[in-house]
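Line order of the protein sequences matches chains F and C. Per this note's numbering, the very first residue in the first sequence carries number 157; after that it's consecutive. Per this note's numbering, the very first residue in the second sequence carries number 851; after that it's consecutive.
Incorrect hints may have been included.
Stated by the list, open to error - Dumping the calculated BS3-like pairs for lysine-lysine here, alpha-carbon to alpha-carbon at most 25 Å: (1) C:LYS1302 / F:LYS328; (2) C:LYS1087 / C:LYS963; (3) F:LYS391 / F:LYS309; (4) C:LYS1318 / C:LYS1302; (5) C:LYS1012 / F:LYS312; (6) C:LYS1318 / F:LYS328; (7) F:LYS391 / F:LYS355; (8) C:LYS1012 / F:LYS459; (9) F:LYS308 / C:LYS860; (10) C:LYS1309 / F:LYS464.
Stated by the list, open to error - Computed, partial: chain F to chain C, Cβ under 7 Å: (11) GLU249; (12) GLN258; (13) GLY431; (14) ASP508; (15) HIS541; (16) ILE568.
To be clear, the hints were calculated from the coordinates, so they are not data collected in a lab. Small disclaimer: the values here were computed from a predicted structure and weren't measured. Yeah, the Cβ is synthetic: ideal placement off N, Cα and C, and Gly gets one too.
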Amino acid sequence: MPYIPHTDEDLMQMLNRFGPEYLENLRNLIPEELRSTRALEIPRGLSEQDLVKHVSALASENATVEEYASFLGAGAYNHYVPSLVRHLAGRSEFYTSYTPYQPEISQGTLQALFEYQTLICQLTGMDVSNASLYDGASATAEAVLMACRLRKKATKVMVSGTVHPEYIETIKTYLSASEIEVEVLGYSTRKGGETFLTKIEEAEDGSIACLVAQCPNFLGVIENLNTMHELVRSKGGLGITVVTEPLSMALIKPPSELGADIAVGEAASFGSPLGYGGPYLGFMATRDEFVRQMPGRIAGETKDADGKRSFCLTLATREQHIRRDRATSNICTNQGLSALQAAIHMAALGRDALKHLAGLNFSKAYYLKNRLTSASGIYMAFTPHFFNEFTIRFSRGVDVDAILDALMEDKIIGGFNLKRINPELNCHLLINVTELNSREDIDRLADKIIELTEKK
Amino acid sequence: MLDDRLLFEKSVVGRTGIRPPVPDVPLVKPSDLLPATLIREDIEGFPELSEIDLSRHYTALSSLNFGIDTGMYPLGSCTMKYNPKVNEDIASLKGFTAIHPYMPDSLVQGALKVICELEELLKEITGMDAVSVHPSAGAQGELCGMLMLASYFKDRGEDKRKKIIIPDTAHGTNPASSALAGFSVVPVKTDKSGILSAEAIREVMDEETAALMLTNPNTLGLFETNIKEIADIVHEKGGLIYCDGANLNAIMGLAKLGDMGVDIVQLNLHKTFSTPHGGGGPGSGPIGVTAELEPYLPVPRVIKNENGTLSLTTDRPNSIGRLRAFYGQFLVLVKAYSYIRRLGGEGLTKVSETAILNANYLKEGLRGTFDIPFDRACMHECVVTDKLQLEESGVSTMDIAKRLIDYGFHPPTIYFPLVVSGAMMIEPTETESLQSIDELVRVMKLVSKEAKEDPQTVKSAPHRAPRKRIDETAAARNPVLRWREEA
């Protein structure tokens, strides 16, 4: 049998170890009335080569972003992952280990996590980071729960309507059992693409635990987060900045300088393939003063008995295995390997290339925006402050789905139809451009969209 | 001598790793297009290294790590079995890695098939009526199950059910997940034989209790033989049974949770289906439920259309919603699917039978040397203690664990379950051979002998690991959680 090394002789030798009575006990471990009376209805096992053939056939039923020129972002960004990442994170000493409970033989994982935490702190400008959460959406929900622990008297949390819609849904699920009310703030669908703040202005002091706002927001717009977070802080709440495209932080001021108390989000752009949405990498960083309310594993520095610098998991009294029902979170297994991949990717780029990469994304996105908006009938939907993703608006009556379908025929996936999240945005298309979109593909997309629009 | 400096300490100003390509569009200056207040100039302290620097850095780090490929890793309740290499290759196929979650369903039928077929396979293995692979890991699966419970009782007008009964042998995630879903925890004691008695449950079960949350086999490695009677008691009072499926590796093909009266179960694909553990994730925590609870499963769901194609739907009015973005840890699901198809039904049954045999063979080998608190035939793992060594020579479970490292073994899970003082919870899994189990037994006996003859050596272990014993207390007392440039 695959993966089971026992020979028939081994089995005989092992069974001979037990007396007849023990063998009887082994047979009766599961009460008779609960024992399965029929074999599992799962096909006979495949040989390794047949398995590869079978699963490869399934894989080939999917169209990839290499066959199609894809301009989809919306929380999952198509970036080039250097070979180094797969080769180094693919070392089995890393991926066949578990949570580093025994630090003396887990320094590889622990030092890598300590370095990952440092890279996240540098990128976000915050003081401390944890060692990862599942993904951007659940990390954001955890940040909201954290804010509620820090602001115990608050009765509601405010979430900007320009936060990724699936993140908003996740926050609502995580808070569905609590008394805290989740209020989603409206936003301007006409010009600014910015959050309406009246509800925060009108709120009573101390009633709001936090404001959750995204930068750049789901529509691609870089909102004035400093003002928003200052406002919520004046009401006694915390400012949570969500980032779904972490590469943006190499070009735009980090969350720490835009008023965030907690920076949280998705770091899959570094080191994780698109992978149909997972596994990705939730990150979270905050100020020193809040570290004891932060969820998840944290690696810390210490010494061994010889005084040598060493690392171990720390501040465990926050966690479920110690505090059980009073823990800061229930999280146990998180995204260790994804964090390692992210750290390798970030370090492989380094200080200079990371800025270059961000600049390249920015330039390509503006190139496409200029090509599109110079045509008639295609407009920039909102304030033109964006990073590598932006929303265009077509003239009233244009069917965005028809445009996307026509593009598909030319093997182009043109973007995300915003009607899916807001019926008011019914002639709006969200377009993402990364370093993997060549000028040729960008021109092809622009030409085709312009052609389709002019036909109307 | 390994260079164990941090990335940041190896950094050289001006050095670069992997540069992006030469721009094929005109470069634009952010300062020409964005307000100056928004533009970042530099990322202070960010490392500057070459490709070879990084290659050596992470290769050196990997050599400080112990994985299943290094040696036996009998970490109880974590199911550290061999991780098949072919699954890594399969999960790297472009047809799986290079697909965007918002691609139209028509372009990703292969991915939807993997999700749909994996859910079908897990239904068959667990005997549950419906499965969703949405949750990201075991603990998120637990939270998912608990939120479904809350919704279910709310819809039935039974909001007063606010208690969850949890045995004292439970994983810490169980009470933590319950609390997160708004429930209070009622602890219940396991009996003298290490399992739950029907009487104990009858005593605490009432009309304010939503569910009993148990693990079967439990964390002592024992099958909860009274489970059917217990389930009847809970169901009679209107409650439900939640099973933590962390130990599914013991019962595949032998018994089905659905037949035991279980209403909700979460699985751990990184454990039972070897996807692997990744140094602490990514895992995956599918949730299985009875037909009655199916409407509450998280969204999106994969559904079959009349023409045989598959699509995603969020049109589920009773759903608890979503617990993450997109559809789950997809590439992990690909590996679990491959693992199940490689073994087939017969192979999975063999997995559980062999896991049980290995654990019992190991336990019998330790008899006479170590105290066995619940001494009877076990399932896939066994628990022994340091009672004899502690009494005789003051050597504790911690010392024994650290000394095992010197002999090339990852220590078992220690000091858990909490009900056993000085517990060592040992799970060999089915992928360890007779010879490697014999070797573990030999080494554990040797360490016990050393405890008598030379306790100091055991108490100061490890001696042959990359580090001597690490001071975890100091790390918590004076937290240093990131590198900073020295002033």
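Here's how the hints hold up against the structure:
Pair hint LYS1302 of chain C plus LYS328 of chain F does not hold up; C-alpha atoms about 58 Å apart against a cutoff of 25 Å. Distance restraint check for LYS1087 of chain C and LYS963 of chain C: the Cα-Cα separation of roughly 40 Å exceeds the 25 Å cut-off, and the hinted pair is therefore not satisfied. Between LYS391 of chain F and LYS309 of chain F the CA atoms are separated by roughly 12 Å; this keeps the pair inside 25 Å, and the hint holds. With a C-alpha separation of about 22 Å, the suggested pair LYS1318 of chain C and LYS1302 of chain C falls inside the 25 Å cut-off, and the hint holds.
Taken as a hint, the LYS1012 of chain C and LYS312 of chain F pair is honoured in the structure, with Cα atoms around 22 Å apart against an allowance of 25 Å. For a cut-off of 25 Å, the pair hint linking LYS1318 of chain C to LYS328 of chain F is broken: about 46 Å separates their Cα positions. About 11 Å separates the Cα atoms of LYS391 of chain F and LYS355 of chain F, which keeps this hinted pair within 25 Å; it holds. Of the pairs offered as hints, the one joining LYS1012 of chain C and LYS459 of chain F is violated, with about 45 Å between alpha carbons and a cut-off of 25 Å exceeded.
In summary, the hint linking LYS308 of chain F to LYS860 of chain C is not supported, as the alpha carbons are separated by about 44 Å, beyond the 25 Å threshold. Between LYS1309 of chain C and LYS464 of chain F the alpha-carbon distance is near 19 Å, which keeps this suggested pair within the 25 Å criterion. Given hint, GLU249 of chain F at the interface with chain C, holds; its Cβ is 4 Å from that chain's nearest Cβ, closer than 7 Å. Interface restraint check for GLN258 of chain F: the shortest CB-CB distance to chain C comes to about 6 Å, inside 7 Å, so the restraint holds.
For the restraint placing GLY431 of chain F at the interface with chain C, the shortest Cβ-Cβ distance is roughly 5 Å, inside the 7 Å limit, so the hint holds. Annotation: interface hint on ASP508 of chain F holds; nearest CB of chain C at approximately 5 Å, less than 7 Å. Taking 7 Å as the C-beta cut-off, the interface hint given for HIS541 of chain F holds, the closest approach to chain C being about 6 Å. Look at ILE568 of chain F: its Cβ only gets to about 12 Å from chain C, farther than 7 Å, so that hint breaks.
The earlier numbered hints that this structure contradicts are 1, 2, 6, 8, 9 and 16.
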